[in-house]
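From first to last, the protein sequence lines stand for chains A and B.
Mapping the first sequence onto the numbering used here, position 30 (from 1) lands on 30, and the numbers just tick up by one.
Mapping the second sequence onto the numbering used here, position 25 (from 1) lands on 25, and the numbers just tick up by one.
Because the hints were derived from the structure by calculation, they are not lab data.
Just so it is clear, CB atoms sit at the ideal spot from N, CA and C, and this is done for glycine as well.
Be aware that one or more of the hints could be misleading.
Said to hold, decoys possible - Derived CB-CB ranges, DEER-like:
1) B:Arg-9 <-> A:Lys-103: 34 to 44 Å
2) B:Phe-93 <-> A:Glu-128: 16 to 26 Å
3) A:Glu-3 <-> B:Arg-21: 19 to 29 Å
4) A:Ala-135 <-> B:Ser-91: 15 to 25 Å
5) A:Ala-135 <-> B:Thr-357: 23 to 33 Å
6) A:Leu-15 <-> B:Ala-20: 47 to 57 Å
7) B:Pro-202 <-> A:Thr-117: 43 to 53 Å
To be verified - Among chain A residues calculated to face chain B with C-beta under 10 Å, some are:
8) Arg-4
9) Asp-31
10) Met-34
11) Ala-85
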Amino acid sequence: MVERKIRVLVGKPGLDGHDRGAKVVAAALRDAGMEVIYTGLHQTPEQIVQAAIQEDVDVVALSILSGAHMTLFPRVLNLLREEGADHVLLTGGGIIPSEDMEKLQEMGVGQLFGPGTPTTDAVAYIREWFTKNRAGDDEG
Amino acid sequence: MEALKSSERELLKAFEAGEARALARAISWVENARPGFEGLLTALHDRVGRAHRIGITGPPGAGKSTLIYALAKVVRKDGERVGVVAVDPTSPFTGGALLGDRIRMTGTAGDDGVFIRSMASRGSQGGLATTTREVADLMDAYGFERVVVETVGVGQSELEIAEASDTTVVVLTPESGDSIQAMKAGLMEIADIFVVNKADRPEAARAAGELKTILRLRRGQVFDRVPAHHGVDLTELAKRRAAKPQATGDAGQPAEDEGPARWEIPVLLTVGHDGDGVPELVETLDAHYAWLKQTGELAKRRRERLLERVRAVVDRGLRTRVWRDGDGEALLDAARADLESGRRTPYDVAAEILKETSGR
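Can you build the whole structure from these sequences, using the hints too?
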């Protein structure tokens, strides 16, 4: 049986225009055999969640360098829940102080990655989460 | 077909209630060939066939996604709902894919009347065309008036996908001149409508002119608009030919003299990023759809596709039977040493696998 593909949406919400990091992560996830939907810059949380629903992704990964992570992550998380997509893993990275990371994880956001993290860490984390949470749900 | 399981009944109910999430999930089932997906398609079969299916293809960078976004904005004004399937290649080395078509279409976000789904080609041996058609079926059954399938116009399966549409649009750029030569064998033959996009660039008119010349050559109107050739006046000859029933109507219209039997392939100019020429593209799409209906061509093409679909589903079923459900892989593995040492041939092993896995 063909292995089920992991689908990841890489999003860049808010106003900062630095998407090099998001692109590097997107390429790393692709090279790890995942299907990556990249939405481009300046997305609203609503746009990101709508795309996540339509694309039926397993993971939403946000890159936030603007300092607005305490607003944007909870907003996306709540919208996913409202839309009945709480099976989706919300993760991401950027310039996020560790105490904020902890608070966000308490709210239900997955692991967050700071500057300098090897992309292999993100790949390994997503794979592991997928195997634990989603791999079985296409068996009928 | 087996009775639907409860998970399938649940999905079907949500799908019929118009929940976008259910459509998205149904598409995943089809893409992943999840057990039961054919039952789902069977249950929805009666609802398929109402949408105008538009295939948009052309070389990478021609502006297909931007054009589709512009097109969606135009038809949304009339309240039409649009489903878009954007197919991008899977890397044959890693199995991964980077799907970026949404970047060009983000302006429709927040509007439930536009549903965009990115699909990776997944190197599914010949199965891509069938899967894409099934995904388009789902969008059709869901109730979109238009279903647009976008593919990169390289490779056989991509051409097959485009060909499966009611109307196939081939998008080129003013710079496509040389590539037209290279691609005309495949791309040029499937177009119902040509679009020269990025028409705000120089050379757009020339590119459109070249395309029209190629189209005339194909119709055998070699002498049209050629005033003289080696000193011989050819305009008279062209007029005489034109006086015969094969005279052409306006492009984008059925050729009148011949009745509705022939469609004159139009060449349109558009600028995707600011929407120039896009309303005309929508009009031409509508004209083609009307022509298909009026001539009975639509019904004919769809009848033919029903037979094709059966063949494709049988092919897929056989592959599943041999490789997934049957012992195909195990038999192959057992024969590996003999194959490598040359004791057995590929044909001998294949014959054994076919024999052992054939259902009776």
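Item to complete: Would you pick out the hints that fail for this structure and give their numbers low to high?
Response: 6
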